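Undergrad: Input sequences plus hints: build the corresponding full structure.
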Amino acid sequence: IDTGSSFLAVPPEQYHVLQDSWRKDLSDLDCKTDATFCQSHKSCTEVAKLVKPVGFQIGETIFDLSPTAYLHQGEKICQFAIAENPLDQHNNGNFLFGDLFLKHFYSIYDYDQELISLGVNIHSQSLVQMYPKGQKG
Numbered sequence: 001i002d003t004g005s006s007f008l009a010v011p012p013e014q015y016h017v018l019q020d021s022w023r024k025d026l027s028d029l030d031c032k033t034d035a036t037f038c039q040s041h042k043s044c045t046e047v048a049k050l051v052k053p054v055g056f057q058i059g060e061t062i063f064d065l066s067p068t069a070y071l072h073q074g075e076k077i078c079q080f081a082i083a084e085n086p087l088d089q090h091n092n093g094n095f096l097f098g099d100l101f102l103k104h105f106y107s108i109y110d111y112d113q114e115l116i117s118l119g120v121n122i123h124s125q126s127l128v129q130m131y132p133k134g135q136k137g
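When the letters of the sequence shown are read in order and numbered with the numbering used here, they come out as residues 1 to 137.
It is worth saying that the hints were derived from the structure and are not from the lab.
Careful: at least some of the hints might be erroneous.
[To be verified] Using 16 Å as the maximum straight-line C-alpha spacing, the simulated EDC-like pairs for lysine to aspartate or glutamate come out as follows: (1) K42 x E75; (2) K133 x E60; (3) K52 x D64; (4) K42 x D25; (5) K32 x D20.
[Claimed, not checked] Restraint ranges, calculated between C-beta atoms of paired labels, are given here: (6) H16 x D110: 27 to 37 Å; (7) T45 x S6: 11 to 21 Å; (8) D112 x L50: 44 to 54 Å; (9) Y109 x A35: 30 to 40 Å; (10) L115 x P12: 23 to 33 Å; (11) R23 x L96: 18 to 28 Å; (12) K49 x E114: 39 to 49 Å; (13) L115 x G55: 34 to 44 Å; (14) G59 x S27: 31 to 41 Å.
Note that the coordinates shown come from a computational prediction; the quantities given were computed from them, not determined experimentally.
Using N, Cα and C, we set each Cβ at its ideal position, and we do this for glycine too.
TA: As structure tokens, this is what we get:
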């Protein structure tokens, strides 16, 4: 994985919850061999059938990523392209969004209002969902 931009980094507490969930679904999950990413020796096609979508909340919006959206097929391994945010040393709840996440959305930046607006890319409608908190997409 190109760790410069091809992953999503989440706060440590949420990352550990994700790891626990993946361990329940996948008996050969390895989160120690690679210092950043968990992996399996199964193909990503197999892994995607075993693990659940990952959802998180930003403001009042829920974002769900299907397993296909966060798995990366490497050479003889399937890597989970979600990592612990290495910059979140003080547990401030910060996310880092690389192209793993952003490629699925149109984004509009309003610098005057300090707003970022996102909408699901038409080519990613089967891979990601976004919906208001309290409603299921």
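Undergrad: Each hint needs a verdict: does it hold in this structure or not?
TA: Checked hints:
1. K42 x E75: holds (11 Å)
2. K133 x E60: holds (5 Å)
3. K52 x D64: Holds, because 10 Å separates the two Cα atoms, which is no more than 16 Å.
4. K42 x D25: Measuring from Cα to Cα gives roughly 13 Å; hence the hint holds.
5. K32 x D20: Roughly 14 Å separates the two Cα atoms, so the pair holds.
6. H16 x D110: 27 to 37 Å: Given range 27 to 37 Å: holds, Cβ gap about 34 Å.
7. T45 x S6: 11 to 21 Å: Once the Cβ atoms are compared, 19 Å apart, the range 11 to 21 Å for S6 and T45 holds.
8. D112 x L50: 44 to 54 Å: holds (46 Å)
9. Y109 x A35: 30 to 40 Å: holds (32 Å)
10. L115 x P12: 23 to 33 Å: holds (27 Å)
11. R23 x L96: 18 to 28 Å: For R23 and L96 the Cβ distance comes to about 23 Å; the hint holds.
12. K49 x E114: 39 to 49 Å: Cβ of K49 to Cβ of E114: about 41 Å, so the range 39 to 49 Å holds.
13. L115 x G55: 34 to 44 Å: violated (22 Å)
14. G59 x S27: 31 to 41 Å: At roughly 36 Å between Cβ atoms, S27 and G59 fall inside 31 to 41 Å, so the hint holds.
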